[in-house]
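Colleague: Once you have looked at the hints, place chain A on chain H.
Number of protein chains: 2
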Amino acid sequence: MKAVILAAGLSKRMGEPETPKGLIKIAGREILYRNMKILESLGVEEFIIITNEKYKDKYEGFIKKYNFNAKIVINKHPERENGYSLYLAKDYVNNKFILLMSDHIYGEDFLKEAVKGYGLIADRNPKFVDIEESTKVKVREGKVEDIGKHLKEFDAIDTGFFILNIDIFDIIEKIDKDVITLSEVIKAYKPKVYFVDGKFWTDVDTPEDIKKAKKLLIKNAVKGTGDGFISRHINRKISTFISYFLVDYLTPNQITIISFLLGVFSALLCFVNIPLAGVMYQISSIVDGVDGEIARASLKTSKLGGYIDSILDRYVDFLFLLCLGYVTIKSIFMWVILAIAIFGSVMVSYSTERYKAAFNRDIYKDIPEMRYLIGKRDERIFITMIFCLLQMVDILFIILAIITNIRVIITLYLVWKKVKE
Amino acid sequence: MKAVILAAGLSKRMGEPETPKGLIKIAGREILYRNMKILESLGVEEFIIITNEKYKDKYEGFIKKYNFNAKIVINKHPERENGYSLYLAKDYVNNKFILLMSDHIYGEDFLKEAVKGYGLIADRNPKFVDIEESTKVKVREGKVEDIGKHLKEFDAIDTGFFILNIDIFDIIEKIDKDVITLSEVIKAYKPKVYFVDGKFWTDVDTPEDIKKAKKLLIKNAVKGTGDGFISRHINRKISTFISYFLVDYLTPNQITIISFLLGVFSALLCFVNIPLAGVMYQISSIVDGVDGEIARASLKTSKLGGYIDSILDRYVDFLFLLCLGYVTIKSIFMWVILAIAIFGSVMVSYSTERYKAAFNRDIYKDIPEMRYLIGKRDERIFITMIFCLLQMVDILFIILAIITNIRVIITLYLVWKKVKE
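From first to last, the protein sequence lines stand for chains H and A. 152 is the number that the numbering used here gives to position 152 of the first sequence; each next residue is one higher, with no gaps. 347 is the number that the numbering used here gives to position 347 of the second sequence; each next residue is one higher, with no gaps.
The set of hints was computed from the structure by calculation and includes no laboratory data. Quick reminder that beta carbons are idealized off the backbone N, C-alpha and C, glycines included. Don't take each hint at face value.
Chain H is faced by these chain A residues, among others (derived, beta-carbon under 8 Å) [unchecked claim]: (1) L304; (2) G306; (3) Y307; (4) I308; (5) I311; (6) A339; (7) I342; (8) R354; (9) W416.
When the alpha-carbon atoms are kept at most 30 Å apart in a straight line, the in silico DSBU-like pairs for lysine-lysine are as follows [claimed, not checked]: (10) K418/H / K223/A; (11) K303/H / K418/A; (12) K65/A / K212/A; (13) K303/A / K303/H; (14) K12/H / K199/H; (15) K149/A / K96/A; (16) K177/A / K76/A; (17) K420/H / K25/A; (18) K418/A / K37/H; (19) K303/A / K420/H; (20) K143/A / K116/A; (21) K417/H / K303/A; (22) K420/H / K300/A; (23) K96/H / K187/H; (24) K64/H / K96/H; (25) K420/H / K64/A; (26) K300/H / K420/A; (27) K365/H / K365/A; (28) K64/H / K418/A; (29) K215/A / K127/A; (30) K356/A / K300/H; (31) K223/H / K417/A; (32) K211/A / K127/A; (33) K215/H / K365/H; (34) K223/A / K356/H; (35) K420/A / K25/H; (36) K215/H / K237/H; (37) K356/H / K420/H; (38) K417/A / K37/H.
Chain H with its partners taken away, still in its complex shape (with noise of 0.2 Å):
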């Protein structure tokens, strides 16, 4: 399959910027990059983009920089309108297609439902747009019957998102105007309509859109499974905040070695002040989620990435056991608790791991309860703050060595029964 991308605009509501909309980088990566990225991997083979002569290079050095097997069309007279645009792919294309506008984000569950569908892909509950400034569709026996942003009556949004068949040429051509709009044409053509709704997609109009837009990406980049209550509820909260500042500028693994860093720095100050070093350590572990969510948001999620990632995570948790207990502990007792306390931690994240190494599925996914078992790394962590600035060091170790291990066993129990179901 191909599709066709419509980027003749002029932008004439940004103020005809020197990069054009589809170009312009939201969390890391320009809109057409995401999109074309996607489709890509759901079986799209060809990219057909219309631009105009102004955009012409900026596009042509975008495909040769990602190596998109891309065409470029140039549209002579933006002027005469986005359904004169989707005419000139008329010779590019052959039965199915499929049209998408450049300055529209979508995301990976739209679009693998959205490719699925026929005809004009609508949203009946569209979450992420205003819907005073979007197109309104009207339908009547699974057909648009009236398409356009001043309906008054509507069933759902055009998501600027198509899958068409070549006959639409023919339509256009009857059309015989200077100045076509898609609205135009959609109008005349009266396609299927196809429902996806309530996923994320959403428009870049205006310099605020552009925010939103950032700020959506990097919240649907928070990884839902294995967050512990902590990481839900406190956490993700703050790590969000701080990924939108930094998706421009640091990639992911700079962030992972910057989380690294601060926890080394949280175990070192366990020399110094005990409660300062918690709270130092609850810091790291807020940072620790950013690099995960920056990956993400901006498509650079790694494997490797996330190996070294965990590797470190358990290295920093054993390093500042190790000097809490250094600086606090007065008993052979307590150096066994200590222990205990170490290997359950790493045990938690083990038995997790372990558990996808044997089945290769998420332990989160295939057993629901496992997310309401205290013990995670967040919690952990969390724990030891509130422990730190009460002073209660030793508490804190049996209260770490015992849930730890509990866990440990009844993940096992959970694992054994699930898998004798």
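Modeller: Below, chain A alone, put in the same frame as chain H:
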């Protein structure tokens, strides 16, 4: 594809026993169970078992017990030999079908290649059969020229596995005799010859053959990857010996529990006698190999079994070091070293399993250098035994703390290098 199994012989050389050869359990599983399970996984949909009236009930019980999709066909005149037995399959197969003997054991590697072949599957490099006693094949222009036990000149050994076409039944009809051997049929049919050389397969004619086959199955059940130097050169030699005797009596899970209890026992022995504890720890390490060997040899491997085994191993290692430390350590410095050694020991496993979780591949297959990196469990336990015998526990802890953590750092580097390639 269907598979015809010739099982009508009365096993005269075994003294016409109550149990037919195909249902003899070798290393915990019937010969037929092995071949049929593997063939099922390779796409064989139905089995036709040709047997005699004496063994009919036994084979019926067998296919019912394991729920195989198999038909039983009775040869009322087993004395008319296996060529006649094959003829009885005529109404149950169409086009191409597999033919195999009920008294041959085939390894998975052999069957994977053999099912891709055609005609008579022959072995030019048979490693596990007595050539004197085997059926030899003389090949000419890719086809069988002569076949028999007493050929003086031959090119390969008949593996008892064939991929035939129904036109072979016409050939049998033309041989107008009462007693028809399969060799006679093959000699007349002159099928093509397909070579599968040097893979595991053997036939079972005598009680000695059963013992030999059992030994071979246990030996082939040794998992190559992840075994350290000590495992390869010491532990596996002893554990396969133990497996040989236990495979018919204990399940893999029972061995896992015994090995775990031996490990816990060895840890507690630290309070009584440290050299003895070290030796017992090494014994538990040897027994730890038995569950996997028995599981693979008897086709009883389970992901759950592997998961539980690996978590219990971590607890045994932790408990041994903790008990040993509790009994011997006199200084805070050594408690710190012990904590590093305990942490490093788990991290060796964590860094290996986390790789599998991330990349869904075996780290030892992806990065062969990892095999020669010291610090695997078998090596750590052997070193521990040595230093327990020498009563030099402090040095042991220092060595373990260093080699385990250096191993993790080198693992990180090798994974990084591999992915960057």
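Colleague: Using 8 Å as the Cβ threshold, decide whether A339/A counts as touching chain H.
Modeller: 6 Å, holds
Colleague: Between the alpha carbons of K223/H and K417/A, is the straight-line distance 30 Å or under?
Modeller: Holds - the C-alpha atoms of K417/A and K223/H are around 27 Å apart, at most 30 Å.
Colleague: Going straight from one Cα to the other, do K365/H and K365/A come out at no more than 30 Å?
Modeller: Since the Cα atoms of K365/H and K365/A sit roughly 28 Å apart, the hinted pair holds (cutoff 30 Å).
Colleague: Measure nothing beyond the straight line between the CA atoms of K223/A and K356/H; if it is 30 Å or shorter, mark the hint as holding.
Modeller: Measuring from Cα to Cα gives roughly 20 Å; hence the hint holds.
Colleague: Hey, K215/A versus K127/A, does the alpha-carbon distance stay inside 30 Å?
Modeller: 14 Å, holds
Colleague: Taken at face value, is the distance from the CA of K365/H to the CA of K215/H at most 30 Å?
Modeller: 26 Å, holds
Colleague: Hint validation: W416/A versus chain H, beta carbon distance must be below 8 Å. Holds or violated?
Modeller: 7 Å, holds
Colleague: Is the hinted pair K417/A and K37/H satisfied, with a Cα-Cα distance of at most 30 Å?
Modeller: 26 Å, holds
Colleague: Report holds or violated for the interface hint on I342/A, using the least CB-CB distance to chain H and a cut-off of 8 Å.
Modeller: 6 Å, holds
Colleague: Taking 30 Å as the top limit, are the C-alpha atoms of K418/A and K37/H close enough?
Modeller: Holds, at about 25 Å.
Colleague: Is the straight-line distance between the alpha-carbon of K96/H and that of K187/H 30 Å or less?
Modeller: 19 Å, holds
Colleague: Taking 30 Å as the top limit, are the C-alpha atoms of K12/H and K199/H close enough?
Modeller: 28 Å, holds
When held up to the earlier numbered hints, the structure conflicts with none and fits them all.
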